[in-house]
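Protein chains in written order, with the working numbering: chain A, 322 to 473; chain B, 322 to 473.
Because the hints were derived from the structure by calculation, they are not lab data. Keep in mind that a hint or two might mislead.
Each pair may be met inside one copy or between any two copies, as identical chains are not told apart.
Said to hold, decoys possible - Below, a list of computed lysine to any residue pairs in the SDA-like style, where the Cα atoms sit at most 20 Å apart:
{"hint": "1", "residue 1": "403", "residue 2": "383"}
{"hint": "2", "residue 1": "436", "residue 2": "353"}
{"hint": "3", "residue 1": "436", "residue 2": "330"}
{"hint": "4", "residue 1": "436", "residue 2": "336"}
{"hint": "5", "residue 1": "436", "residue 2": "372"}
{"hint": "6", "residue 1": "436", "residue 2": "331"}
{"hint": "7", "residue 1": "436", "residue 2": "328"}
{"hint": "8", "residue 1": "403", "residue 2": "414"}
{"hint": "9", "residue 1": "436", "residue 2": "329"}
{"hint": "10", "residue 1": "403", "residue 2": "371"}
Keep in mind that this is a model prediction, so the values were computed, not measured.
There are 2 protein chains.
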Amino acid sequence: MSTPPAVLRPSDWRIGIWRSFLRAHATVLRDLERELADAGLQLGWYDVLLQLAEAPDRQLRMAELADRVLLSRSGLTRLIDKLQAAGLVRRAPSPDDARGTYTVLTREGFDALRKAVPVHLEGVRAHWLSHYTDDELQVLGGLLGRLSAPPE
Amino acid sequence: MSTPPAVLRPSDWRIGIWRSFLRAHATVLRDLERELADAGLQLGWYDVLLQLAEAPDRQLRMAELADRVLLSRSGLTRLIDKLQAAGLVRRAPSPDDARGTYTVLTREGFDALRKAVPVHLEGVRAHWLSHYTDDELQVLGGLLGRLSAPPE
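This is chain A alone, in the form it adopts within the complex (with noise of 0.2 Å):
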């Protein structure tokens, strides 16, 4: 087993591997948001209602949302104003907190929601799925799952 340099340079072969992993996501992530566009939904909402869809009582405040979503999180605030305006989500205070506002799931987001789901677990499995064996899947499960372990 080596062991990587301490410091790197651009033209090391591991920035290599680096860019191959942001490029899968992205090409992934287009092929995705384009079929869902197609059926209605932009990923970015997904996600957020796909989020709250599996939150207790289907509410989160802001933090802990912004924490959730697997997409992006700049312009999160304004992603929230367009799902309230489309009804699919609705603002409420939270009962222990004045200060405090839940973002809840409305009965019209979480049928939006269901809606899209089997379009994007298609997309899921032609896009991704299908690359790989069973096999090769939990390797990579058990290599990225490193990534995002709570810090030791």
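Since the structure of chain A is already known, use the hints to place chain B on it.
Just chain B, lined up with the frame of chain A:
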């Protein structure tokens, strides 16, 4: 070797690996973004400046730039406007296409990028590379490389 199902359910363990992939990307990118911002440059800016620096004559058409950036393409035009206002890029008419416009890296843009590279590479080392041996990186590169291969 098992084959994945033709239709995925949200509870499928493979979707868990997919979410590890998204979670890993989000976690590492947020660390890199914060550190680079502390050094005075946004990660999205870095991405654009780097693509221009690596292009012939350090210039690209908007469509080429949109193809090459590794982070978000949404809001790219607005991002270029900001880079131009900051003097890091300039726009130039294309000599062989009356309607075309190039985005060109300026000397200031090149200097800003060069200053940011060591900060960014140290972040890539600390938040990503340090989790893997070289052998593991080769495996990861092989698996991820499939996702952004040219269409068959």
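Determine which of the earlier numbered hints do not hold for this structure and return their numbers in increasing order.
-> none
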